[in-house]
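Starting from the known structure of chain G, arrange chains U, D and C on it as the hints suggest.
Number of protein chains: 4
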Amino acid sequence: MIMKAAVLYGKKSVRIEEREVPKPGVDEVLIRIKAVGLCGSDVHFYEFGRIGDFVVTRPIILGHECSGAVAETGKNVKNFIEGDRVVIEPGFPCGKCEFCREGKYNVCRTVAFLGTPPTDGAFAQFLLAPKDFVFKIPPNISFEEATLAEPTSVAVQAVKRGKISVGETVAIIGAGPIGLLILQTVMSAGASKTYITDLDDFRLRKAKKLGATIAINAKEKASEQIMNFSEDRGVDVAFEAVGICNTINEAIKVTKPGGRVVLVGIPLEKEVRLNIHKMLAKELDIKFVWRYLRTFPTALALLGSGKINTNEIITHQLTLDEIQKAFSILTEKKENAIKIIITL
Amino acid sequence: MIMKAAVLYGKKSVRIEEREVPKPGVDEVLIRIKAVGLCGSDVHFYEFGRIGDFVVTRPIILGHECSGAVAETGKNVKNFIEGDRVVIEPGFPCGKCEFCREGKYNVCRTVAFLGTPPTDGAFAQFLLAPKDFVFKIPPNISFEEATLAEPTSVAVQAVKRGKISVGETVAIIGAGPIGLLILQTVMSAGASKTYITDLDDFRLRKAKKLGATIAINAKEKASEQIMNFSEDRGVDVAFEAVGICNTINEAIKVTKPGGRVVLVGIPLEKEVRLNIHKMLAKELDIKFVWRYLRTFPTALALLGSGKINTNEIITHQLTLDEIQKAFSILTEKKENAIKIIITL
Amino acid sequence: MIMKAAVLYGKKSVRIEEREVPKPGVDEVLIRIKAVGLCGSDVHFYEFGRIGDFVVTRPIILGHECSGAVAETGKNVKNFIEGDRVVIEPGFPCGKCEFCREGKYNVCRTVAFLGTPPTDGAFAQFLLAPKDFVFKIPPNISFEEATLAEPTSVAVQAVKRGKISVGETVAIIGAGPIGLLILQTVMSAGASKTYITDLDDFRLRKAKKLGATIAINAKEKASEQIMNFSEDRGVDVAFEAVGICNTINEAIKVTKPGGRVVLVGIPLEKEVRLNIHKMLAKELDIKFVWRYLRTFPTALALLGSGKINTNEIITHQLTLDEIQKAFSILTEKKENAIKIIITL
Amino acid sequence: MIMKAAVLYGKKSVRIEEREVPKPGVDEVLIRIKAVGLCGSDVHFYEFGRIGDFVVTRPIILGHECSGAVAETGKNVKNFIEGDRVVIEPGFPCGKCEFCREGKYNVCRTVAFLGTPPTDGAFAQFLLAPKDFVFKIPPNISFEEATLAEPTSVAVQAVKRGKISVGETVAIIGAGPIGLLILQTVMSAGASKTYITDLDDFRLRKAKKLGATIAINAKEKASEQIMNFSEDRGVDVAFEAVGICNTINEAIKVTKPGGRVVLVGIPLEKEVRLNIHKMLAKELDIKFVWRYLRTFPTALALLGSGKINTNEIITHQLTLDEIQKAFSILTEKKENAIKIIITL
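Residue numbers (this note's numbering), protein chains in the order written: chain G, 1 to 344; chain U, 1 to 344; chain D, 1 to 344; chain C, 1 to 344.
Derived by calculation from the structure, the hints in this document are not laboratory data. You may find that some hints are simply not true.
[Unchecked claim] When the alpha-carbon atoms are kept at most 25 Å apart in a straight line, the in silico BS3-like pairs for lysine-lysine are as follows:
(1) Lys104/U with Lys193/D
(2) Lys23/U with Lys23/C
(3) Lys253/U with Lys270/U
(4) Lys278/G with Lys23/C
(5) Lys325/U with Lys12/U
(6) Lys193/D with Lys278/D
(7) Lys208/D with Lys253/D
(8) Lys163/D with Lys278/U
(9) Lys278/C with Lys278/G
(10) Lys23/C with Lys78/C
(11) Lys96/D with Lys253/U
(12) Lys193/U with Lys104/D
[To be verified] Negatives, chain D to chain C, calculated, CB over 10 Å:
(13) Met1
(14) Gly25
(15) Gly40
(16) Pro297
Predicted model, so just to flag it, every value in this text is computed and none were measured. By construction, the Cβ of each residue, glycine as well, lies at the ideal position given by its N, Cα and C atoms.
The shape of chain G in the complex, shown without the other chains (with noise of 0.2 Å):
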């Protein structure tokens, strides 16, 4: 059987190309993919060739933040029929190495994740993936929604690793889709105030409706906004969502002697520099966060029960087809977007 694909060949060129429809192992489920939502590092690949030490060499389906129906399972899975309405949770780790074993997984050094090289991705009509690592969707969630379930892993993940505990105060540097999602999960959890900052008003405004208490413009010294907020403390938690140094370096401000800072933007460079005297003299913990560990069913609540609000996250809808159109929207940031999804 023949599938339609969007594989990426290099630096901004991506094609529709007919692939064979694969078949499912034992422990594999065959999914029919609905929607997909567009990730940073998708648009990274799409325009730079590669993510720091992942090249893509040879042609490469994109995307891992996907929903779809199941088409076919394989002979040991039980808890899956035709039809189901599922997402996927999208690394499979190895499952006998010592971080595996512990439970951490994540962290598992021959994982595949899907649109990463060598492992190809979602941006198809069929997708396999072994049955432990399928979910099932809320009846009251469209599989658009439900592609968020992958973003909203991370948030948790995030959450999880600054251990918010209830009342705590909370400032999040960047409000893109990431820095959103956690905002709305961090209220979740209690936080009892949240500041959040970005560069754009638009996001600022979404963070507003979300329920931050404040959205300060990092134009306007959002560092020294946040110390005045609190009353030169600092919050018990900062979450870094962008990525660059800066930003990374107003999280470690923000943030109160002997708090937490929770690392999640990932930077283009290998390296950058960090403003080690506060950190010691605050005896700081940095907690990075990697993706998830045990994250789906939460996420999947999260969005079932309306704690995270889809509609202000997802700002586009395009089809397979126009992809690269899609892919032109984020690298020129000529519309406001935040999420953008592809249907199939």
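Relative to chain G, chains U, D and C alone:
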């Protein structure tokens, strides 16, 4: 200056008497009491003249869930002025022992706790408190509602001890004031599913109204039901807010392997029979809760934000002169009462 | 091929029988057993025919503290060759359930545990084990000493659960094999003072020889003594390694406010009466221990480095044919026995 | 009464002067100083006249690693008498701020720290200290050895922050005084393998003598060697005790996925370039260390028990009059010096 106070002389004997209004020391605040909640421990002292090792050996003024207005301040008190609407955190630790100095002042062994022998409490027109244990009330809540800052603090302490993280499932054994406040606090901390049990349908209806996922009458094999609803897995965290042998064992029973049990209820008897085989084979963590630690700001914020619904908790309001009647309602259990507030 | 095995037929009835030597599956290792330690649970099955819900309903081979030499390997086994000296971690979890997948395989509910009905154990000339549960023995320790890797694993798990940090004070209730191994493990983890109690002076002398700061006969008001030695403060962490009501309450009593109690001993009865008022008013953390989790490498390293002294622990060595005598020594308590090793 | 003191007037300018001996306040202890260790920060102030934002703007007495004998006590001081041999914990926090009250007094923002502008330090014949920051010395260690209680406290704080558990593997970058004390502290906390690196073979030989598993010269591809020795896995915890960009990145490099990096060294420059991709992809926890928190009793116990070997650390002893020479030895690095003690 003279004030009225309700003095307990022994089992079921309370007299309204006149007392001298105290003068604040340099670091103290004198508060004109406006409202005081009746706590289970007050009722217990009233009914039995003792709680465990704490025995009423001389006349005592009970009451520790109180709010009022600042009447006078000592000369070192900078952050309060006359008329400020405030609540009191009612345990005043020594500040010097090992436990105080490492920040765990709730286990200070020489704490003075309002309304616990030998320390007089809040059923009086005026009360002194050290300035660091006085907190301003958000403008949108009344003195009566503000008294819930104290029991809400117990709930917040329980939730912090239980280290709830977003998406976890919770069982609450007991839907009295503390159980219903724990319910609302875990919901605001991101619990995905909440099972609550009690013997009293009136309380269970309240729990349901406040948002409990499932409210179960304890007569109807509650633990079996919770196990069924959770597909025989059990919950991530169970809270016990009754304080009897059976309910503690229920909490143990419905907790998943590797889960946490948070014990808040204080049994009458010193020792209880616990199912140790279950606790061992599931390698549980049992976390006891004793009062609270730096929780008043969070409790007041939860009340101010409306995340804690006070209407469903406060069922009766009476005056200081009616205090004996208030005790009777709770000891005789003739009326559906959750929390009774005495106004002054 | 035929091997000898000691088979328990019911209370106090063990027969040496012949059994077929099993063949290893693709992921299994066949081990020629050289030494097996007698555990309290073996003795319990021997004496009563059951432990709690585990009942000997058909003839069973006991024994799970074992060492031996690799005799044959399945075809997927790469890291062992014939003759390798090894120990077996004796609980084989399912590897697929929620608990296994998050790395807490010790609470897997379908674990097969050697010598626990319905799984045959190690009192036999040959035994199969999955390759991931086989560990090489350091060259400087004997097969007999290596059997202590299993009870040392229990001690390591207890110490990890207790989160001992350098300089903390510790009480250990019970100076049997597990108590003495916990003593040595907390010493190697930096405990500054160790108080140990037992009824048996022979064991207390051993404890003292192994480095306990103070060894106290439980007949002589042990908890009062520990409180006196610690200036009425109590210890940071107490370990209970007896499993009876009184000793568990002793552990609770000697722990400081805000401290941790680690319960390892398994009582005969399902329920025990515990002093809940003390646990509440000190806001204790009670941590149960069930077997172990990834502790074998550490246990073997402690044995190999000499930090665990095996001479004081292993008091008797007998042959498989003498197993009934070995059981008698332990049930009749006529001789001073700590750990008996059966050699094959 | 008049005493001698060594006063820093600016870069490399120290004068021995006479000062008035202070009188103890009611809660203070006057100590006749007997020995003071030279810390890297003292040397730094001597050489550059500043450390980061702390600038020597008026003459200052340096020194904070000190021991002595009680000379006089204020009237509220009960637990010390004249002649008691003591050390001083040299940071005196405000005791009233949020951080002090929750027990994290090391991040108090108004701490007075001996020998750090504007607070005079210990290179003087007498010194005052608040009673709660004075600790008795074990009888078997000398005044000179006792000065190591301060740097050992840094090591203990680092090890506590790193949450070392028994059997874990450790890398220590830097074998100066702090690195060698961390080495001994992690060994006493049960580390199974310790890799230590430095550029100086004299220091590496000391590390080896003190028990390091492997001591590696940093010129010889230290991080590759550590990765090889750990079979490309990395260590559980890495400690950085140098404070330069390269060594911090070494610590990051040799830590296992999901591991912890503890940063103790204080760089000269405010910002350093760190490999953020490695920290993200391994989802590391970075824990900064700032001074110490309640560590003096543990540090003194480690010194008293001989677990910290002082002979290998203290390489020079000079008198107060020779202090300029002592500074020269350390700034000119002509002699093999680890720790220099000034005796008075």
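Query raised in the report: Going straight from one Cα to the other, do Lys96/D and Lys253/U come out at no more than 25 Å?
Result: holds (23 Å)
Query raised in the report: Regarding the pair Lys325/U and Lys12/U, is the alpha-carbon distance no greater than 25 Å?
Result: Measuring from Cα to Cα gives roughly 11 Å; hence the hint holds.
Requested in this report: Compare the distance between the alpha carbons of Lys163/D and Lys278/U with 25 Å, and conclude whether the hinted pair is satisfied.
Outcome: holds (22 Å)
Query raised in the report: Does the no-contact call for Gly40/D survive, Cβ to all of chain C over 10 Å?
Result: holds (23 Å)
Query raised in the report: Are the Cα atoms of Lys23/U and Lys23/C separated by 25 Å or less?
Result: violated (35 Å)
Query - Restraint check for Lys278/G with Lys23/C, where alpha carbons must lie at most 25 Å apart - result: violated (36 Å)
Requested in this report: Please settle this one: Met1/D was flagged as non-interface, so is its CB more than 10 Å from every CB on chain C?
Outcome: With a cut-off of 10 Å, Met1/D remains clear of chain C, as the shortest Cβ separation is near 36 Å.
Query raised in the report: Between Lys193/U and Lys104/D, does the CA-CA distance stay at or below 25 Å?
Result: holds (23 Å)
Query - Check on Pro297/D being off the interface with chain C, judged by Cβ distance over 10 Å - result: Violated, since 7 Å does not exceed 10 Å.
Requested in this report: Check the non-interface label on Gly25/D: least C-beta distance to chain C beyond 10 Å or not.
Outcome: holds (27 Å)
Query raised in the report: Regarding the pair Lys278/C and Lys278/G, is the alpha-carbon distance no greater than 25 Å?
Result: holds (21 Å)
Query raised in the report: Does Lys23/C pair with Lys78/C here, judged by a C-alpha cut-off of 25 Å?
Result: Holds. Lys23/C to Lys78/C sits at ~17 Å (cutoff 25 Å).
Checked against the numbered hints given earlier, the structure breaks hints 2, 4 and 16 and satisfies all the rest.
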